[in-house]
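Enquirer: As a plain string of letters, each chain reads:
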Amino acid sequence: MLITKTVQIYPDHILENDDVIFRAEEPVDPNDFLKTAFRQLCPPYPKFFKMDKLSKLAFLGSEILLRDAILPTKYNKDETGLVFLNASSTIEIDKDHQNTINSRENYFPSPSVFVYTLPNIMLGEICIKNQIFGENAVYISEKFDTGLLYQQVKILFDTCRLKACITGWSEINGDNYEVFLMLVESDQAVDNSKEKCNFDPENIEKLYKR
Amino acid sequence: MEEQELIEKLRKEIIQQLNLEDLKPEDIDPDAALFGEGLGLDSIDALEIIVLLEKNYGIKIEDPKEGKKIFSSIRTLAKYIMEHQKAQ
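So the sequence lines, in the order shown, correspond to chains A and B.
Here our numbering is used: the first residue of the first sequence is 412, the next is one more, and so on.
Here our numbering is used: the first residue of the second sequence is 74, the next is one more, and so on.
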């Protein structure tokens with residue numbers, strides 16, 4: 412298994428592999444940062460603006476990760492999967508949902524808010540856009556757990572015929588957010604000329620902390 | 074409230090409630106289909122419009138079959154609200 416590309420999103424900049432591809436001029440609200448970055452870096456997709464912040468983060472990361480990948484032609488639809496970790500699950504949208512049901516006199520739960528109160532939905536948005544039908548899972552972990560991530564992805568490659576996996580960390584809690592995504596592909600499927608490194612705990616840790 | 078005035082209000086409310094970020098009120102043709110080919114709304118948006126009707130206009134849609142007719146366009150939605158408010 413090889414890591415063929417990485418994307419990292421932080422509150423003031425976005426990295427594609429080692430390159431800073433977007434930087435906020437001044438501190439901005441997470442939603443504004445994500446919307447501006449999406450408009451600048453990705454093809455139009457109106458559904459993006461309806462997503463909650465966690466899904467926006469994961470989706471933006473995946474769009475950058477896959478923008479020069481040829482997954483749909485390279486692999487069958489069920490040969491690509493997703494494995495994500497995060498610490499706060501959907502706490503941000505959970506709080507928004509709570510606000511819509513706090514008062515008995517003003518009890519109007521919003522369907523479009525409620526639908527995002529499961530962390531798997533961020534994966535669903537990525538799967539819908541990219542027609543990915545492979546296995547997918549989100550694990551809640553107090554911190555970025557290299558061993559857990561490695562094990563889960565390896566199991567899917569070993570047992571579920573996966574040949575590619577979008578995997579990593581997508582986390583938001585208040586104004587703090589962070590995305591670290593990797594595209595992992597099976598050794599046989601990767602062109603020798605392509606820059607890559609082995610998918611193992613040591614390399615994952617090194618790339619995450621760079 | 075006149076029909077045209079209500080249409081203007083609904084255009085703004087729908088853009089805000091459904092997070093239609095890239096649309097301006099004048100972009101929504103009051104006679105275009107809200108679902109499918111027209112504005113391209115989905116089933117969650119339909120639920121959101123049902124909540125909007127209840128929250129902003131005090132109208133509850135009891136019969137789901139009614140929804141298809143009422144939600145055909147902004148104009149049919151405005152007519153339904155006006156008729157319903159007149160009856161109240």
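Each hint should be verified, as a subset may be incorrect.
Below, simulated DSSO-like cross-link-like pairs (lysine-lysine); rule was C-alpha separation at most 27 angstroms, straight line [unchecked claim]:
id : chain 1 : residue 1 : chain 2 : residue 2
1  : B       : 85        : A       : 458
2  : A       : 458       : B       : 97
3  : A       : 446       : B       : 141
4  : A       : 506       : B       : 85
5  : B       : 128       : B       : 141
6  : A       : 554       : A       : 607
To be clear, the hints were calculated from the coordinates, so they are not data collected in a lab.
Enquirer: Enumerate the violated hints, using their earlier numbering and listing them in ascending order.
Expert: 3
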